[in-house]
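Two chains, two frames, a set of hints: combine them into the complex.
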Amino acid sequence: MAVNKIVGIETEYGIMVRGSADWNPVSASSLLINSYVGSDVGSVEDRTAPVAWDFIDESPGADARDALAPEFAMPPEVETHLVNAVLTNGARYYVDHAHPELSTPECRDALSLVLFDRAADLILADSMIAAADALPPGQEVVIYKDNSDRKGNSYGCHENYLLDRNLPFGQIIGLATTHFVTRQIYTGSGKVGSELPGFTARDVPYQLTQRAEHFEEEVGLETTLKRPIVNTRDEPHADSNKYRRLHVIAGDANMSQTATLLKVGTSSILFAMLEDGAYDMPILLDQPVDTMHAVSHDLSLKAPLTLDDGSTATAIEIQWRLLEQARSWADRHGLEAVGEECGKLVFERWERVLAGLESDPKSVAPWVDWLAKQRLLEGFMDRHGCDWDDSRLRALDLQYHDLRPAKSLAARAGLEQLVSDDDARVATTEPPADTRAFFRGRCLQKFADNIVAANWDSIVFDVGEDPLRRVPMLEPNRGTASHVAAILEESASVAELLDKLGA
Amino acid sequence: MAEREQKRKPRPETEEEVVEDVPAGSESGDALKAELDDLLDEIDDVLETNAEDFVKSYIQKGGQ
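Residue numbers (numbering that gives the first Met the number 0), protein chains in the order written: chain Z, 0 to 502; chain U, 0 to 63.
Here chain U stands alone, though its shape is the one from the complex (with noise of 0.2 Å):
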């Protein structure tokens, strides 16, 4: 069964544009960590006071 995966992984330059080109936001090493750190202060701003509360109050009825 390996053998037959090994086929039907991508071509090797599909596997580069990957690295290359990977999906907006991705950066590498220290400006990842500072992205991050800005994203971590900004939830540490917007997140709901209260956390206990807020998710024992959070109950829905059933849906679909």
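Excised from the complex, chain Z in its bound form (with noise of 0.2 Å):
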């Protein structure tokens, strides 16, 4: 049966220092990153003493194949000599290999996150702020929101998603390498040029997904090298005889709160659909990833793709098809699982994405980064007079991600807002109340300096004796603000709070 799909996307930023020719990307984030922790840019009265992440329930080396994993393949590793901190909203915000990364907290739907990735978003437009004072005069350290250095390199933004654990990971494979390779064509973000070797600008001028060519294998372990479609990863976070937490690295950074709904939106609801059985005419694809990098190529949107019964379909055709399966189960199952409103906002969006992108794609450049960029691009062409080899389409291409208000294309591209910059500046600092986010965060508010160390499951308190408490937190479900939220405010002191906890 479907659990609630409580989701929370992870970004990597890329990361530049402008003014400087000698400079470091893990001292720039390690600087950017304290900067902010450390300081009181946006108003924040109390943003959280740095509060270090606490690692003893990571294993990203877990593999959901079980003994089936390849026995040389390679986990990701775990650096924990990094600058890591907890926020008080509940978020991670810490140096992950050479990239400032932000973890939302956990939210208990595709909408809730569209707010947190937004507010993720003025984090780190206030931390370069923060870093600036720093920085010797003329220098300023430069975020972008995208994936890839549009030289080979990508870095990534992964979305997780609550799972039963009864539902057999063999099972997920196919509907989420079908919905992966297929969401692509409202879900990218754009990018000009390929990437890919054999492939010249003049054969991809422009194409829908900044990652997308960067994946060479269905499905494992990897998130650096060899990425695979479905990455296999097996670290819940939460009761892993209960949950599975499905980690995605398959998909693009968005600056459409639009797409993020949608990405997070469509895969939430079809991921429940799964596990309520409601699966019931499967589509699998041929060759998946040579058609993620077509699906990628295609600006017409018309390319057959080859399924494993030797039929062709669109990428729009096999989106209506899994939206109608999902409208099947929505009709018999409700929206419970997704979130009751944001489960209806999702279908709408998606059916009139979808018939967008059909009879006029331009009519829905206000939801779709790829289509927005390419409108400022064929605009800025037509101005110029100038080509795809103009170097300043690629300037401009990257300046769509800038996150500074005042540079970013995107900020002025038309991109229809969901949520109010208000309550995005308000989700900086304060959790999401319907999930188990909303104990970390006000423990964080109220008991900072009690607070040893944290992480998704666990907080771990001094209460000024030996040893320290650890109290956990295994059901994502729990913690909330109808849980603890008078508990938490009737606590003068941690002690009192870990035994009215009864911890």
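Some hints here could point you the wrong way.
[What the hints assert, rightly or not] Derived lysine to aspartate or glutamate pairs resembling DMTMM-like cross-links, with alpha carbons at most 25 Å apart: (1) Z/K406 / Z/D389; (2) Z/K406 / U/E34; (3) Z/K406 / U/D44; (4) Z/K361 / U/E34; (5) Z/K301 / Z/D456; (6) Z/K361 / U/D40; (7) U/K55 / Z/D389; (8) Z/K445 / Z/D433; (9) Z/K406 / U/D52; (10) Z/K406 / Z/D21; (11) U/K32 / U/D43; (12) Z/K361 / Z/E339; (13) Z/K406 / U/E41; (14) U/K60 / Z/E347; (15) Z/K241 / Z/D62; (16) U/K55 / U/D36; (17) Z/K361 / U/D29; (18) Z/K150 / U/D40; (19) Z/K445 / Z/D456; (20) Z/K406 / U/D36; (21) U/K60 / Z/E139; (22) U/K32 / Z/D359; (23) Z/K150 / U/E51; (24) Z/K301 / Z/D289; (25) Z/K445 / Z/E489; (26) U/K32 / Z/D386; (27) Z/K406 / U/D40; (28) Z/K406 / U/E47.
[To be verified] The following label-pair restraints were derived from C-beta to C-beta distances: (29) Z/G137 / U/D37: 50 to 56 Å; (30) U/K55 / Z/R326: 46 to 52 Å; (31) U/D52 / Z/D56: 40 to 46 Å; (32) U/D40 / Z/G276: 30 to 36 Å; (33) U/V45 / Z/S239: 44 to 50 Å; (34) Z/G333 / U/N49: 54 to 60 Å.
These are calculated hints, taken from the structure and not from any lab test. Glycine included, every Cβ here is placed at the ideal spot set by N, Cα and C.
Quick look at the structure:
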């Protein structure tokens, strides 16, 4: 049976220091995050003492395929020595590899996630301002919410979905692959040129996604090389008897809020449908990796994709078939698992975006990043009489993702906002009320001095006497405002809080 | 297959809605062109100068 689709996004951001020829991405990322945590940019009175991340439960090498895992698969490393902070909104803000990364708090549905993804944008923008004070005059850290330097290096925007442990992983693979390959038509952020060996800018002047070309395998554990469409990391950060966390690495980071809503919302709905045993007409692609590249390269949206039974269908047609089955599931099972209001909105936008892509793609440019960006690029070419090889178009392509409000082209591209920046500003420090992130965030607001470390599924408190007390949070649906707000409000000390919790 | 697909398309009233209630920011004809012109003016103002160097210097280490 479908479990609540609690969701989160981890975004690795592109980083640059302008005005310096000699800079180091790890140092710059550390500076950025430390500056934010230690500053009051954004008028935040009590952002948090820099509470450390607790690595005790990290096991990114665990593989959902169990004994089937290839012996030489390379599990991702956990880098424990780099900057790691937990924020009062329940998010984790840290340096991963050579990038700043922000993981949103756990959100109850896709619309809540849109709010916290926008809050993340604001946090990064505040961080740039805070970091400027620590740099020599003329230097500036600049952050790009993209997934590729267009020179072969990619960094991810990972989605996470809470799934029922009883759902066999093998069943997830088919649907996930088909959806991740075909949803690119509305989740792509757009990219000028190609990074795929054998393809020139003449073959691919512009494409739908930033990420597709960096995928080489169908299923696997890796995230930094030979990336698989379906990632098998089995690290639930929750009760592993009950839950699985599907870790999705195949998507683009989106500037469009509607694209984020659809990326996470449609996937949530389809996984809930699968859990309810309602995926009655499975659709399997014949060559998923090549097809993923082909969909990204096909600006016409009309390329026939070969299915495993030898028939063909376009990405739009496949999405219609998934939508139809999802509607049938929703009619029978309701939308509780994906959030009632959010589910309705996702269905409405999903249908309208497919209809728009089919009849007049330009009409959905306010929702779809690659179309919004294409409009700017083509308008620029018309005005300046230039062609795809003009470096100004590549600059425009990058600057679309610039998170500085004064420079961001996405902010000027006519994208529709689903959440207000006022609400997102609040969400930079306030946790969501309806997941365990509420408990984490509120504890950090109130008892930061008594918190030694925190992670997704526990908090370690120092109550002033040995030993330290670890409070487990293995149930993502608990620790919400309705469960613990009153207890937190009434507790004057950590000792009192732990007493009341019975911990 | 074409016939099967036909059934899956949205109901006519939904298609109408798409035309009437296109996403915010979409308008028709001259208004749309004027809006794009304003937008391109703004882009000319804020686009990084020395695009060639900017694009070349955007080098990231690989990530996840």
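Results for each hint:
no., hint, result
1, Z/K406 / Z/D389, "holds (20 Å)"
2, Z/K406 / U/E34, "holds (19 Å)"
3, Z/K406 / U/D44, "holds (10 Å)"
4, Z/K361 / U/E34, "holds (14 Å)"
5, Z/K301 / Z/D456, "violated (45 Å)"
6, Z/K361 / U/D40, "holds (20 Å)"
7, U/K55 / Z/D389, "holds (13 Å)"
8, Z/K445 / Z/D433, "holds (18 Å)"
9, Z/K406 / U/D52, "holds (17 Å)"
10, Z/K406 / Z/D21, "holds (23 Å)"
11, U/K32 / U/D43, "holds (16 Å)"
12, Z/K361 / Z/E339, "violated (30 Å)"
13, Z/K406 / U/E41, "holds (10 Å)"
14, U/K60 / Z/E347, "violated (39 Å)"
15, Z/K241 / Z/D62, "holds (17 Å)"
16, U/K55 / U/D36, "violated (28 Å)"
17, Z/K361 / U/D29, "holds (15 Å)"
18, Z/K150 / U/D40, "violated (29 Å)"
19, Z/K445 / Z/D456, "holds (19 Å)"
20, Z/K406 / U/D36, "holds (18 Å)"
21, U/K60 / Z/E139, "holds (19 Å)"
22, U/K32 / Z/D359, "holds (17 Å)"
23, Z/K150 / U/E51, "holds (14 Å)"
24, Z/K301 / Z/D289, "holds (16 Å)"
25, Z/K445 / Z/E489, "holds (11 Å)"
26, U/K32 / Z/D386, "holds (20 Å)"
27, Z/K406 / U/D40, "holds (14 Å)"
28, Z/K406 / U/E47, "holds (8 Å)"
29, Z/G137 / U/D37: 50 to 56 Å, "violated (32 Å)"
30, U/K55 / Z/R326: 46 to 52 Å, "holds (48 Å)"
31, U/D52 / Z/D56: 40 to 46 Å, "holds (45 Å)"
32, U/D40 / Z/G276: 30 to 36 Å, "violated (55 Å)"
33, U/V45 / Z/S239: 44 to 50 Å, "holds (49 Å)"
34, Z/G333 / U/N49: 54 to 60 Å, "holds (56 Å)"
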